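Please build the complete structure, drawing on both the sequences and the hints.
Here the sequence shown is numbered in UniProt numbering, starting from 1 and rising by one per residue.
If you are wondering where the hints come from, they were derived from the structure by calculation, not from laboratory data.
Predicted model only: the values in this text are computed from it and were never measured.
One thing to keep in mind: the hints can contain errors.
To be verified - With a cut-off of at most 25 Å between alpha-carbon atoms, the simulated SDA-like pairs for lysine to any residue come out as follows: (1) Lys85 with Gln156; (2) Lys82 with Gly186; (3) Lys101 with Gly43.
Stated by the list, open to error - Across the chosen pairs, the derived CB separations fall in these ranges: (4) Gln156 with Ala206: 16 to 24 Å; (5) Ala153 with Asn176: 24 to 32 Å; (6) Arg79 with Thr152: 23 to 31 Å; (7) Arg41 with Asp86: 36 to 44 Å; (8) Phe159 with Thr44: 26 to 34 Å; (9) Lys76 with Gly116: 26 to 34 Å; (10) Val185 with Asp86: 18 to 26 Å; (11) Leu121 with Pro202: 56 to 64 Å; (12) Asp86 with His278: 42 to 50 Å; (13) Val104 with Arg200: 41 to 49 Å.
The beta-carbon is built from N, C-alpha and C at its ideal position, and this holds for glycine as well.
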Amino acid sequence: MEASGEARAGLGFFSRFRSALGARGLQDISGDGGVRKQVLRPGTGQPVPPAATVAVKYSGYLEHMEKPFCTNCTKKLPRLMKLGKDITLGGLEIGVLTMKKGEVARFIFSPSYAYGQQGCLPLIPPDATVLFEVELIDFLDSADSDTFFALTAEQQDTFPLQKVLKVAGMEREFGNYLFRKQYFVGAKDRYKRAYSILGRNPSTEAEQCQIDASKLLVLLNLSITYLKLESPARALVYGEKALEIDKRNVKALFRCGQACLCMTEYEKARDFLIRAQHIEPFNHDINNELKKLASYYKDYLDKEKEMCCRMLAALNPSS
Numbered sequence: 001m002e003a004s005g006e007a008r009a010g011l012g013f014f015s016r017f018r019s020a021l022g023a024r025g026l027q028d029i030s031g032d033g034g035v036r037k038q039v040l041r042p043g044t045g046q047p048v049p050p051a052a053t054v055a056v057k058y059s060g061y062l063e064h065m066e067k068p069f070c071t072n073c074t075k076k077l078p079r080l081m082k083l084g085k086d087i088t089l090g091g092l093e094i095g096v097l098t099m100k101k102g103e104v105a106r107f108i109f110s111p112s113y114a115y116g117q118q119g120c121l122p123l124i125p126p127d128a129t130v131l132f133e134v135e136l137i138d139f140l141d142s143a144d145s146d147t148f149f150a151l152t153a154e155q156q157d158t159f160p161l162q163k164v165l166k167v168a169g170m171e172r173e174f175g176n177y178l179f180r181k182q183y184f185v186g187a188k189d190r191y192k193r194a195y196s197i198l199g200r201n202p203s204t205e206a207e208q209c210q211i212d213a214s215k216l217l218v219l220l221n222l223s224i225t226y227l228k229l230e231s232p233a234r235a236l237v238y239g240e241k242a243l244e245i246d247k248r249n250v251k252a253l254f255r256c257g258q259a260c261l262c263m264t265e266y267e268k269a270r271d272f273l274i275r276a277q278h279i280e281p282f283n284h285d286i287n288n289e290l291k292k293l294a295s296y297y298k299d300y301l302d303k304e305k306e307m308c309c310r311m312l313a314a315l316n317p318s319s
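Laid out in structure tokens, this is it:
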């Protein structure tokens, strides 16, 4: 017999879900019925690899409760979590390993895959079965990076170049994630970590080109990150390092121009921005920055003129 609407409302979100779906609508992914899954929205690409670092949104529910007992869905971008280290709920780790980027799924965890016989009082009662709704925002396959930084400095020097480049790329991806989250200090540290391992001496010209290509991306990231951190002098340093690799790089020229403008070095700012404009004459960002520069420089000249007039008036009080 079907429960009335009022009775169903009293069951709580988890209980209503299990009542409506039934066991047949859930996939057993643990093999013993302890972790069961329903895909709400399919993801794309490959499933999460073991030892990855993941960004997930989640909400956990107990039976007969309408609101989640834990959630991180109030945050715009969740913090990165390392599998095997930061996720302590066994069922949640098993579930995440079956997911693809962008996927949303519901999981039911039996007590042995959740909080066990003891529970987690006062919030989680003993022998509690729980439901988690999970969205996999992104993941980074950080196994090579973890392996590399666990080595000694001597061992790192003998690491194959292709793997070094992969690790540098992974650190840059970590930095990009933190940058999007507006954690600029953390992003800067990741970019510097990537840059620090790209200082090895290449054995061929082809290797030098590969190292330079990887360095260039990191230097551009560092330049814009220091602008966000309101450290234009450091932004200029990294922008100029990028130009040593590629003197016609528009992004590097633009970042250097922005940094000089922030430091009120108007002539240098104009030089960098004009060089960038010659390469990309229809780039709106460059043209807008030049307009901003013209406006700031006019204000500067007006203030200089006013100051000179005051000084002359002070020297000639009778006039």
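So, going through the hints one by one against the coordinates:
no.: 1; hint: Lys85 with Gln156; result: holds, 24 Å
no.: 2; hint: Lys82 with Gly186; result: holds, 16 Å
no.: 3; hint: Lys101 with Gly43; result: holds, 5 Å
no.: 4; hint: Gln156 with Ala206: 16 to 24 Å; result: holds, 21 Å
no.: 5; hint: Ala153 with Asn176: 24 to 32 Å; result: holds, 26 Å
no.: 6; hint: Arg79 with Thr152: 23 to 31 Å; result: holds, 29 Å
no.: 7; hint: Arg41 with Asp86: 36 to 44 Å; result: violated, 24 Å
no.: 8; hint: Phe159 with Thr44: 26 to 34 Å; result: holds, 32 Å
no.: 9; hint: Lys76 with Gly116: 26 to 34 Å; result: holds, 33 Å
no.: 10; hint: Val185 with Asp86: 18 to 26 Å; result: holds, 20 Å
no.: 11; hint: Leu121 with Pro202: 56 to 64 Å; result: holds, 59 Å
no.: 12; hint: Asp86 with His278: 42 to 50 Å; result: holds, 49 Å
no.: 13; hint: Val104 with Arg200: 41 to 49 Å; result: holds, 43 Å
Taken one by one, the earlier hints fail for this structure only at number 7.
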